[in-house]
Every structure is written in C-alpha cells, then in structure tokens.
Amino acid sequence: MELPTPRGPVSAHVVHALRSGDAFEPAVAASADVLGDDAQVALWVLLQLHYRDFDDAARDAEWDVGAVALRQTLAESFVDRLRGLVTERVALARDAADDVPGQVMAMIGAADGPSLAAYLHREATREQVLSFLRQRSLYALKESDAHSFVLPRVHGSVKVALAELQYDEYGAGRPDRLHAGMYAEALVAAGLDPRYGRYVDEVAGPVLAVDNLISVLALQRRTRAASLGQLAAFEATSSLPSRRIAAGIERVGLPRAVAAYFDEHVEADAAHEQIALRAVCGALVAAEPELADDVLFGAAAYLELDERSAVHLLARWRDDEVVEAAS
Amino acid sequence: MTGPVRVTPCPDGPLLVRGADVVTDEDGTDHPVTRPVVALCVCGKSGRRPWCDDTHRSIRRST
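These protein sequence lines map, in sequence, to chains W and V.
Position 191 of the first sequence, counting from 1, maps to 191 under this note's numbering, and the rest follow consecutively.
Whatever position you read off the second sequence (first residue = 1), add 327 for this note's numbering.
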C-alpha cells in the first residue's frame, strides 16, 4: 500500500520520515490532540508497520527506535485519554453484574448511541452504503489479525478459546471462508478496490481511532486483557447489526455477494460472542482476577470509539442529504 | 470429524456445540456443520434456525 495523505504536522512528519528515511522525532507528538485526525493518521501509519509494507517507504521501520518511541508516545496518550472518557461506563458495568461476561453485556445494554446498522438497513443511499464499505475496509481487510498478536500472551484454556475463535475467523481450514478475503470479495462485487489501505485517505478520524484502538491494545502485552475485552464487546455487538447491514445492502440493490460477508457474521459472531465473553474473558479473569478492570476498560473504550464513529458517519451522511435536498 | 461432541449451554443464550458434523432440525432436515464451534438456537426465535442469530437479545430487551 502507499502512505496516506497527512492531515496535520504529526502525520506529515511520520509520512516524511518513512518516505525519506530521515529520523523520527518523538517530540513532534507532544502537543497533538490525540483523538484528532492528524494524530490518528500518524498512529495508524506507525501501527501498520507491524502488519504490512508501504510501497513508497524508504526502509523497513517496524522496529526503528524512533518510530517505536513516537508510536508509544501517541499510543499511551490515546489510552490515557480513553481511560478518562470511559470511567462512568466501567463503573456502571462493574455494579450491574457479578461476573465479567455479565458486566460486559450490561455495558453493551447501557450503550445508547445511534445505530449505524439501523440507518444502513432502512435509510442509507446506495452511495452511503458504498461509503460505509470503504470506511470499514481498513479493519475488515485485516480482520482478526490484531488479536493473533495476543495469542502468545495468554495461556491454558484462554489461549485455546482464542485460537478456536481465530481459526473460525481465518476460514476454519477453508481459504474461501477467510473473513478478510470475504471482505475483499465483497468490495470487488460492489465495484470497489480490494487492496488494503486503498481508501485510508477518506476514512474518518473517528473510524481510524477504532482501528487504532484494536491494534494498540493487541500489540502491548500489558493491555492483553483490555484487548480481549475489546474483542468481546466487538463480537457481542456484531451479529444483530450484521443482519441489518446485509438487509440494507440488498435494499439498495448491490449484488448478493456484497451482503455475503455480513451474512457470514450473523451466525459466526453469535457463537464468537459467547466464546469471547465466557471462554476468553471469563476464563482469563477467573485465572487472574486482577485483570477484570482491564477487560472492562477494553470493552468500554471500544464501545466509546465505535459510538463516536457512528455519530460522525451519521452526521456526515445526513449533511449529504441536506446538500442534495438543497440542490 | 472424530472424537466426542461437546455441548456447552450459555446462560440466557445458545448452546455451543463442538465436534458435530451435522445438526438435524425438528423437520428432519440435515444442516452440515462447517465451523469448529456452532451456536444452536434455544429460544426458538432465530431467523436462521437451527443456528443462533442473537435474536434472543432483542427479545430480552423488549420484555
């Protein structure tokens, strides 16, 4: 893939350092708004070094000391900011049930943000559905890869359960069922480009933040429990929305092959939700009770950012309609 | 698949089934199992029976 277009001084510095081979300056991130587009693009680029190559980078910077220092400055500030944003979600969930699976489900039940899936189901135009597919592409074309980084950091039955979940995400022995591959096929069927990172320049900052959260939590051993809480919240908010999104895709007349990816997730994630909540997070906390708050933090941070991305996309799409109505 | 079939009930949720090759529904129709673990509907309201599609969550919310 190619390096994205910078959205401010921090991302400009990161893109320049990668393209030119010049040194990274971690201090550049010191005053950035970590939830803003600029910092999120910078963080996204630095995190991608662990997944893929940039064709236009001068060198492999995955373990460049300056790149890692800058990534950690941004990642730690991002996680700190999120901890402040989700205090209430975590406290409410902790009081709502006496085990972690119940607490995560209570947190999901209490989330009252707008539903992107409901909009896609009933109201979105064909162009908005296509826009959604492009926004989703950064996550979905590397679907589940982040959580494979967690596997060596958990043990016993938790590792077995996570591997079982990942095996299903990776096609359960059938290359044609690899979820990331199914998303590429969905993009092609929709007339879009299936190459990873192709649409990063149009992906909204709040959507990048969701993708970055998933990578940041999964790539640090000390946030492994938060990564698994994030996974559980993701899986437990996927099955019902996937059904609505598939119905919306069919409503706007896109080919059946586009909806197939979301159809797959209705049944798959109904099972994955149970595995992630109970056999992964429940078992992790049973073995290491001190990790309970980390699990809840990961779930809450994911729900917070997912809600912010939905609010942002819905506002953008409703603005489109105002513009169209006025013209 | 060889080895025993394992069934795990989930509180307020589906049955997780591991190691099965086929699920036969109440009409006698066979549904091949294509995943390492599948979630079987228990509430009877799934739109994808015999598989769970999380409909039990909507039911629980509205009651």
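No lab work stands behind these hints, which were simulated from the structure alone.
Note that the structure is a prediction, hence the values are computed from the model and not measured.
Just so you know, not all the hints are guaranteed correct.
Taking lysine-lysine pairs in the DSBU-like style, the calculated list, with each CA pair at most 35 Å apart, reads [to be verified]:
#1 V:Lys372 x W:Lys159
#2 V:Lys372 x W:Lys142
#3 W:Lys159 x W:Lys142
Outcome of the hint check:
1. With a C-alpha separation of about 32 Å, the suggested pairing of Lys372 of chain V with Lys159 of chain W holds against the 35 Å cut-off.
2. Distance restraint check for Lys372 of chain V and Lys142 of chain W: the Cα-Cα separation of roughly 33 Å lies within the 35 Å cut-off, and the hinted pair is therefore satisfied.
3. For the suggested pair Lys159 of chain W and Lys142 of chain W, the alpha carbons sit about 20 Å apart, so the restraint of at most 35 Å is met.
Checked against the numbered hints given earlier, the structure satisfies every one of them.
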